[in-house]
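Here the protein sequences line up with chains A and B, keeping their order. 1 is the number of the first residue of the first sequence in the working numbering; add one for each residue after it. 1001 is the number of the first residue of the second sequence in the working numbering; add one for each residue after it.
To be clear, the hints were calculated from the coordinates, so they are not data collected in a lab. We put the CB at the ideal spot given by N, CA and C, even for glycine. A hint or two may mislead.
Here are the simulated SDA-like cross-link-like pairs (lysine to any residue), alpha carbons at most 25 Å apart as the crow flies [unchecked claim]: (1) A:Lys22 with B:Tyr1004; (2) B:Lys1244 with B:Pro1424; (3) A:Lys65 with B:Glu1034; (4) A:Lys35 with B:Ile1376; (5) B:Lys1073 with A:Glu90.
Away from chain B, derived, C-beta distances all over 12 Å, residues of chain A [said to hold, decoys possible]: (6) Arg13; (7) Arg14; (8) Gly23; (9) Lys45; (10) Asp98; (11) Lys102; (12) Leu116.
To give a feel for the contact side, a few chain A residues facing chain B, derived at Cβ under 8 Å [to be verified]: (13) Ile54; (14) Pro56; (15) Met58; (16) Val100; (17) Pro103; (18) Pro106.
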Amino acid sequence: MRILVVDDAMFMRRMLSDILEKGGHTICGEASTGKEAVEHYQKLKPDLVTMDIIMPDMSGIEAVKEIKKLDPDAKILMVSAMGQQALVLEAVQAGAIDYVVKPFQPSRVLESIERLVKK
Amino acid sequence: MESYLELFISEVRVYIEALNKNLLKLEKDNQNRESILELFRIFHTIKGMAQAMGYETLGQITHRLEDLLSTPKEKGEINPDLIDFLFTIVDYLTDFVRALKEKQEFPSPDKILDSIKKIEQGEMVAIMRARRQAGTISEIRIKTEKLDQLFNLTNELMIQRARLLHLKQMIDNNDLTTVVETSARFISSLRDEVMRLRMLPLSTVFDFFPRLLRDEAKRQGKKIDFEIIGADIEVDRSIIDVLKEPLIHLLRNALDHGIEKEGKITLTAVRERERIRISVADNGKGISLEEIKKKALEKNIIAEVEARNLQNKDILRIIIHPDFSTRDKVSKISGRGIGLDVVSAIVDKLGGRFELNTKKGEGTCFTLDLPLSLVIVRAMIFKLNDNRFAIPLNYVQETFYAEEKNFQTVYHRELYPLRNEILPLIRPADYLNCPSGKSKKSIIVLQYQERKRGFVTDEIIDEEEIVVKKLDDLVSTPYYSGCSIYADGKPIMILDPRGFE
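Kindly generate the complete structure, drawing on both the sequences and the hints.
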């Protein structure tokens, strides 16, 4: 699958990208702000987006809303830190399909993605 | 995990800087909502990274800081004591990262955790100002503001020093001469020491690059060997702050356009007296004059006539043209692609020079030639009628006398034939309203932005080291880049040649 990875920390993007690549997916792009995520989504048309929540220049939740406006079928997996259930809920209401919690366990991330594919 | 360590360290370092910056802002204005949000966001990000790396204590600390910041975040106001405390967190983070880098034991979190607990319980602790009390103190931290104050005061002293030396020449008295000369020497030494306090090694910026390039190369499926030379050279903080972006761009440029599949990129810093030369070189295919010519014609940057005589030395002038670079809208590394035109503009603003050396089949080398400091410059002092002005020496190529009757005018533009070249002349006196009737002129040949111009002046007085003071917005015009105080105590304006185009 072609995946767009969104996180403001390069460190996190790298870690997540490595997990996804090992799982046989392709990273088609990376973004470090919500705004960039929306722009990249339009251009790259990825099969899936992994989205951080707290980022500068448009939060992950706003970005989910924007992307959903562009493409109602967009598949977005929220990636959140612990203790952000309320925000995750908000994101799911905005249209995100599933979420994983940092620090990630590679198997958990890949499982979520498998599930999304089947949906 | 080991492979992520380096990235963790370099990224946290960037966050440490950002924390410092925002805390300083909040110290001035504790209702700066944006900075409070930024602090919150940074602690949140560090938390995530720390947890991913398995640094549980750091994860815990940052998690609790997030909580501590939730009230300020809502109120849009932060308690000054909390700001003080957060400065100690920045110190802790700095120590933490250093310990990681040097593979040593982590700093003890006990005091921090203790303070957090007290703050959580509503107690405002007298913050660990006396931190590092144990043993002798060999290092102290100074806020950069204090350092700047010290620096400004020494600069004032430098001005007085110049005045003293000037007075000494007018009053012939042995005792006075001795006192003035000794004081002058001490003041210079003091200034040098203070300058040194502001110096940071280039590694502060350079350390960030290896991982960056490695990842980007991997992404593009290229193999590169990256070497850094001279990272221990120290330069003024004012320069460090602005170096990162242009260098990222040049390195990216080398990788994107220089290296095809496999190659070497070298980042070199060399100190040459009062200047520093930083170059980014690749051993790729070099820039082809033909391709540049073609593209420049397509984009109407040059005319047909010009294209015929184009030489290698003209390449730089063309590729820094704002219309030339087809800028990637998205840059994976920086998140914002900046073009060579921007690099050139930054270098210009710093009073530096941007150079290009390229040979087909052998590679390309971009060089930034910069002053070590932005505050003290060597300048040429000259007169227009009875008024004195200064121009930074880094623009000056040579000077010569010329009779006004030998000036030539072509299409309303004054020119002077200098050896094999035609030198366009500029009369700053016309712009600054101080014309004189004198017909014998001193011409200062200036080079900037790949152009050569002759400044027509009445008399060249001297070369001096001057302390640049910024101009108030009220008096600022494109003609001046700042002002200074001359040896006799009178103010002197510093010209910016680019303002006269």
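Hint by hint, here is what the structure shows:
1. A:Lys22 with B:Tyr1004: 16 Å, holds
2. B:Lys1244 with B:Pro1424: 35 Å, violated
3. A:Lys65 with B:Glu1034: 23 Å, holds
4. A:Lys35 with B:Ile1376: 41 Å, violated
5. B:Lys1073 with A:Glu90: 19 Å, holds
6. Arg13: Answer for Arg13 (chain A): violated, closest chain B Cβ roughly 9 Å.
7. Arg14: 6 Å, violated
8. Gly23: 17 Å, holds
9. Lys45: Since the minimum Cβ distance to chain B is about 14 Å, Lys45 (chain A) lies beyond 12 Å and the statement holds.
10. Asp98: At roughly 18 Å from the nearest Cβ of chain B, Asp98 (chain A) sits farther out than 12 Å, so the non-interface label holds.
11. Lys102: 5 Å, violated
12. Leu116: Holds: least Cβ distance 22 Å, greater than 12 Å.
13. Ile54: Result: holds, 5 Å to nearest chain B Cβ.
14. Pro56: 6 Å, holds
15. Met58: Nearest chain B Cβ about 12 Å off; hint violated.
16. Val100: 12 Å, violated
17. Pro103: Result: holds, 4 Å to nearest chain B Cβ.
18. Pro106: Hint violated; Pro106 (chain A) Cβ to chain B Cβ min 11 Å, cut 8 Å.
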